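Please model the complete structure; the sequences and the hints are all you need to start from.
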Amino acid sequence: MPYNKQDDFGCKVHQQGGYNRLENKKDNELWKSFIRKNMLKSILINLIFNTCYPYFNIRNPAAVSLFSGEYCFARFILPMAFLLPFMMTFDMLKKSISIAALGEEGFVPPANFRKYRFILRIAGINGGITLSATLLFMLILQYYIPNSYYFNGRLLSVFMGITAAMLSVIFTLGPIKVVRKMSNQ
Numbered sequence: 052m053p054y055n056k057q058d059d060f061g062c063k064v065h066q067q068g069g070y071n072r073l074e075n076k077k078d079n080e081l082w083k084s085f086i087r088k089n090m091l092k093s094i095l096i097n098l099i100f101n102t103c104y105p106y107f108n109i110r111n112p113a114a115v116s117l118f119s120g121e122y123c124f125a126r127f128i129l130p131m132a133f134l135l136p137f138m139m140t141f142d143m144l145k146k147s148i149s150i151a152a153l154g155e156e157g158f159v160p161p162a163n164f165r166k167y168r169f170i171l172r173i174a175g176i177n178g179g180i181t182l183s184a185t186l187l188f189m190l191i192l193q194y195y196i197p198n199s200y201y202f203n204g205r206l207l208s209v210f211m212g213i214t215a216a217m218l219s220v221i222f223t224l225g226p227i228k229v230v231r232k233m234s235n236q
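In terms of the working numbering, the sequence shown opens at residue 52 and continues consecutively.
Note that these hints are calculated values from the structure, not bench results.
This one's a predicted model, so the numbers in the text were calculated from it and none came from an experiment.
Be aware that one or more of the hints could be misleading.
Said to hold, decoys possible - Capping the alpha-carbon separation at 20 Å, the derived lysine to aspartate or glutamate pairs in EDC-like fashion look like this: (1) K166 <-> D142; (2) K228 <-> E121; (3) K146 <-> E80; (4) K83 <-> E121; (5) K92 <-> D142; (6) K232 <-> E121; (7) K92 <-> E80; (8) K232 <-> E80; (9) K88 <-> E121.
Said to hold, decoys possible - Have a look at the derived ranges for each label pair, beta carbon to beta carbon: (10) S149 <-> V209: 18 to 28 Å; (11) I96 <-> A184: 18 to 28 Å; (12) N111 <-> L153: 10 to 20 Å; (13) K146 <-> A114: 34 to 44 Å; (14) C123 <-> S84: 39 to 49 Å; (15) E80 <-> I191: 43 to 53 Å; (16) N163 <-> C103: 40 to 50 Å; (17) K83 <-> Q193: 39 to 49 Å; (18) K83 <-> I176: 47 to 57 Å; (19) K83 <-> Y104: 30 to 40 Å; (20) I221 <-> Y104: 31 to 41 Å; (21) Y122 <-> A152: 39 to 49 Å; (22) S183 <-> L91: 23 to 33 Å.
Quick reminder that beta carbons are idealized off the backbone N, C-alpha and C, glycines included.
Below is the structure:
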């Protein structure tokens with residue numbers, strides 16, 4: 052039966068005016084299990100990898116600067132600031148579009164919809180914005196600290212792991228929200 056619209060509770064309304072809450076419940080369970088599985092996996096992987104990589108690669112942890120020196124922090128965080136949002140968005144959008152097509156909603160993209168062009172555009176925007184915000188924050192921090200100031204490399208590696216975990220949460224939920232919004236139109 053074709054659907055006209057959704058009511059205030061997110062349930063689909065048939066043309067005859069009847070509700071089918073079972074379909075909405077199945078879709079919600081499908082999305083919840085998908086989110087739970089991907090969220091846990093991405094948080095753990097990013098937290099562990101992005102903490103351990105700088106932790107074991109910084110030779111002199113007492114003398115880490117932001118932009119200068121052999122073991123500058125920008126060398127670790129700037130590639131992560133672009134690649135993590137880009138890769139997470141790309142992966143989540145691809146999986147979310149597939150899940151939406153399998154669900155009861157029956158995601159039907161617009162006629163001129165190009166899946167990978169859309170995915171790459173959104174992923175590039177997310178990566179670019181995150182990279183720009185991180186670089187701007189680091190430049191402002193560099194401007195206000197003295198030239199001879201050095202950071203503790205171990206604390207910076209923990210900070211980087213926590214930042215990666217937070218970014219993985221944002222860029223797991225964001226693409227799912229975009230696809231669900233598209234599938235409900």
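Verification of the supplied hints:
Note on K166 and D142: the hinted pairing holds, with a Cα-Cα distance of about 12 Å set against a maximum of 20 Å. Between K228 and E121 the alpha-carbon distance is near 41 Å, which puts this suggested pair outside the 20 Å criterion. With a CA separation close to 16 Å, the supplied pair K146 and E80 stays within the 20 Å bound. Of the pairs offered as hints, the one joining K83 and E121 is violated, with about 45 Å between alpha carbons and a cut-off of 20 Å exceeded.
At roughly 13 Å between alpha-carbon atoms, K92 and D142 fall within 20 Å of each other, so this suggested pair holds. For the proposed pair K232 and E121, the alpha carbon gap of about 46 Å is over 20 Å, so the pair is violated. Of the supplied pair hints, the one linking K92 and E80 holds, its CA atoms being roughly 18 Å apart against a limit of 20 Å. This hinted pair checks out: K232 and E80 have alpha carbons roughly 17 Å apart, not beyond 20 Å.
For a cut-off of 20 Å, the pair hint linking K88 to E121 is broken: about 39 Å separates their Cα positions. Our hint of 18 to 28 Å for S149 and V209 is violated, since their Cβ atoms are close to 35 Å apart. For I96 and A184, the Cβ-Cβ distance of about 22 Å falls inside the hinted range of 18 to 28 Å, so the restraint holds. Remark: the range hint 10 to 20 Å for N111 to L153 is contradicted by a beta-carbon distance near 52 Å.
For the pair K146 and A114, the supplied restraint of 34 to 44 Å holds, since their beta-carbon distance comes to about 42 Å. A C-beta distance of roughly 42 Å is found between C123 and S84, which places it inside the suggested range of 39 to 49 Å. Remark: the range hint 43 to 53 Å for E80 to I191 is upheld by a beta-carbon distance near 45 Å. A beta carbon spacing of about 44 Å between N163 and C103 agrees with the range 40 to 50 Å that was offered as a hint.
Distance hint check for K83 and Q193: the Cβ-Cβ separation is about 43 Å, which falls inside the suggested range of 39 to 49 Å. Checked against the given bound of 47 to 57 Å, the beta carbons of K83 and I176, roughly 27 Å apart, lie outside it. Distance hint for K83 and Y104: a CB-CB separation of about 32 Å, consistent with the stated range 30 to 40 Å. Between I221 and Y104, the C-beta spacing of about 20 Å breaks the proposed range 31 to 41 Å.
At roughly 46 Å, the beta carbons of Y122 and A152 sit within the given window of 39 to 49 Å. Separation of S183 from L91 is about 29 Å and conforms to the stated range, judged on CB atoms against 23 to 33 Å.
Hint violations for this structure: numbers 2, 4, 6, 9, 10, 12, 18, 20, all remaining hints satisfied.
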